[in-house]
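Top to bottom, those sequences are chains A and B. Sequential numbering of the first sequence, starting at 577, is according to the numbering used here. Sequential numbering of the second sequence, starting at 452, is according to the numbering used here.
Quick caveat, the hints were computed from the structure, so don't treat them as lab data. Treat the hints with care, since some could be wrong.
Not everything, but these chain A residues come out facing chain B in the computed CB check (under 10 Å) [to be verified]:
{"hint": "1", "residue": "Thr578"}
{"hint": "2", "residue": "His580"}
{"hint": "3", "residue": "Ile582"}
{"hint": "4", "residue": "Tyr585"}
{"hint": "5", "residue": "Ala587"}
{"hint": "6", "residue": "Glu588"}
{"hint": "7", "residue": "Met653"}
{"hint": "8", "residue": "Ala654"}
{"hint": "9", "residue": "Glu795"}
Backbone N, C-alpha and C define an ideal beta-carbon position, used for all residues, glycine too.
Residue strings, one per chain:
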Amino acid sequence: MTEHTISAYEAELRHLAGKIAEMGGLAEQLVADSVQALVRMDTALAQRVVFEDRRLDQMQRDIEEASILVIAKRQPMAMDLREIVGFMRIANDLERVGDLAKNIGKRVVAINSSIVQKKLMVGVEHLAEIALEQLKHVLDAYANRNEALARQVRERDDEIDALYTSLFRELLTYMMEDPRNIGQCTHLLFCAKNIERIGDHATNIAETVHYAVTGSMFETERPKADLTSEQAIALPG
Amino acid sequence: MAQAALAPRDAAPAVFQTVRTPDLHPRPTKVKADTVKVFYGQKQALHGVTIDIPEKAVTAFIGPSGCGKSTFLRCLNRMNDTIDGCRVEGEILLDNRDIYDPSLDVVELRARVGMVFQKPNPFPKSIFENVAYGPRIHGLARSKAELEEIVVASLQKASLFNEVKDRLHEPGTGLSGGQQQRLCIARTIAVSPDVILMDEPCSALDPIATAKVEELIDELRKNFTIVIVTHSMQQAARVSQRTAFFHLGTLVEEGPTDHVFTNPSERRTQDYITGRFG
Chain A
577 MTEHTISAYE
587 AELRHLAGKI
597 AEMGGLAEQL
607 VADSVQALVR
617 MDTALAQRVV
627 FEDRRLDQMQ
637 RDIEEASILV
647 IAKRQPMAMD
657 LREIVGFMRI
667 ANDLERVGDL
677 AKNIGKRVVA
687 INSSIVQKKL
697 MVGVEHLAEI
707 ALEQLKHVLD
717 AYANRNEALA
727 RQVRERDDEI
737 DALYTSLFRE
747 LLTYMMEDPR
757 NIGQCTHLLF
767 CAKNIERIGD
777 HATNIAETVH
787 YAVTGSMFET
797 ERPKADLTSE
807 QAIALPG
Chain B
452 MAQAALAPRD
462 AAPAVFQTVR
472 TPDLHPRPTK
482 VKADTVKVFY
492 GQKQALHGVT
502 IDIPEKAVTA
512 FIGPSGCGKS
522 TFLRCLNRMN
532 DTIDGCRVEG
542 EILLDNRDIY
552 DPSLDVVELR
562 ARVGMVFQKP
572 NPFPKSIFEN
582 VAYGPRIHGL
592 ARSKAELEEI
602 VVASLQKASL
612 FNEVKDRLHE
622 PGTGLSGGQQ
632 QRLCIARTIA
642 VSPDVILMDE
652 PCSALDPIAT
662 AKVEELIDEL
672 RKNFTIVIVT
682 HSMQQAARVS
692 QRTAFFHLGT
702 LVEEGPTDHV
712 FTNPSERRTQ
722 DYITGRFG
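Next comes chain A alone, as it looks inside the complex (with noise of 0.2 Å):
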């Protein structure tokens, strides 16, 4: 891409987009971390996140300081324009990312308990994979300004969506057989429904990559697979 005339505003557009790359990178650390600390039932890795998200958070608002200071200043146009919009809705994503994460540290915390079934941990980690998978290919797609990719994670969040509505019945069905399953599984539906959340972020996170690139919105409403919110769900038996 050719250069601007003015270089102060290359050089405040690229210091922006950097900033965002290593915010991106500090809520993938967080994610990671909450669902590893969750896995293990590491409390001191789970304090760790609720911790560095203050980070995550002061970064947002410096983001968005910086990048109005930019529109104030050069008063940016098309491409410049959406690329700026692009900082400031990202930087939103990603904080809320960061918050979801934070919110799982402090429920391991809450859980703190080392008799957690394994077996109600599987689906859990299967979904935060996918997750951060997700949160990496929308970032990829952000730095190599990659449409292709960005619509590629957009589609897939139907994936996320549908594996958190079998581990939300599958929850259901521990607390039904055995009362005393239900504090811990609430927990880790919460801890779910904050990693679908996540999955949700980098669809958004998706959507403005396609923006900042191509100008235009994605041209239909993605299909919704979590009908859990819109269901009864029947008793098992």
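The hints should help you fit chain B onto chain A, whose structure is shown.
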């Protein structure tokens, strides 16, 4: 640097296709230009510009200095006729009538297609006389009362009346720059033109005066077809409904302003409006 900008300035580009994006709800066409070429002696300044200018809307011409936008603007009321060695080819229709038709009265044309310039240029006469001059020479008023009516109405339409109503007989040159520019706009609309051409009307004005003129342009488009040449991209984005981007004597892209400034179709347009060359 963009490739195109490296080409010698007067090299004739190869066959060039303007990128056009139609309006969602197209307006009727007021001025229709077809393959307009302009030569200053041996040098070709415009390489075949084809554009429809919609009625009762603001069309902005943008582009780097020397790109031909002012040259094209001046074709629309035959101002180029006054320049020695200037030759215009192609066709320009105003309400389907060829304005280069030899039987057409140029003075009448310039009354129908008024012009506002970069520097406010009021006549060294009173505010009243500045506005009354046009209607008087064109015989638009049958009585003194009618002339006064036209002057007051024009000053009102130019949003200047309230500021000058107590000093209509003081010299127009005594007004501030912004007021002088609005006086020139009042002078232009006093002869009831169809089209108003504005060549960088705000480049000599401060931001407040600029805002007043922009507000006025937005008001005037209800009744007039306006074409504005501006170096301020923000101004083009604010006041116009359609934008045309000129470069090296060609019309590169024209389309709805919202489209051109958020998601232009042409690479050269994008480079120019985002400050990458020019």
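_Is the interface hint satisfied for A:His580? The criterion is a beta-carbon contact with chain B at less than 10 Å._
Holds, about 5 Å.
*Per-residue hint verdict: A:Glu588, partner chain B, C-beta under 10 Å*: 12 Å, violated
*Under 10 Å, Cβ to Cβ, is where A:Ala654 needs to be relative to chain B, so tell me if that hint holds or is violated.*
Where the cut-off is 10 Å and the nearest Cβ of chain B is about 5 Å from A:Ala654, the hint holds.
*Tell me if A:Thr578 is really an interface residue toward chain B, meaning its C-beta lies closer than 10 Å to one of theirs.*
Holds. Min distance 4 Å.
_Given hint A:Tyr585 near chain B, where the shortest CB pair must fall under 10 Å_ = Because about 7 Å separates A:Tyr585 from the closest Cβ in chain B, which is inside the 10 Å limit, the hint holds.
*Interface hint outcome for A:Met653 [beta carbon to chain B under 10 Å]*: 4 Å, holds
*With a cut-off of 10 Å, does the beta carbon of A:Ala587 approach a beta carbon of chain B closely enough for the hint to hold?*
Since chain B brings no Cβ nearer than about 13 Å to A:Ala587, farther than 10 Å, the hint is violated.
_Hint validation: A:Glu795 versus chain B, beta carbon distance must be below 10 Å. Holds or violated?_
Nearest chain B Cβ about 15 Å off; hint violated.
*Double-check A:Ile582 for me: the hint is only fine if its C-beta lies closer than 10 Å to a C-beta in chain B.*
6 Å, holds
The earlier numbered hints that this structure contradicts are 5, 6, 9.
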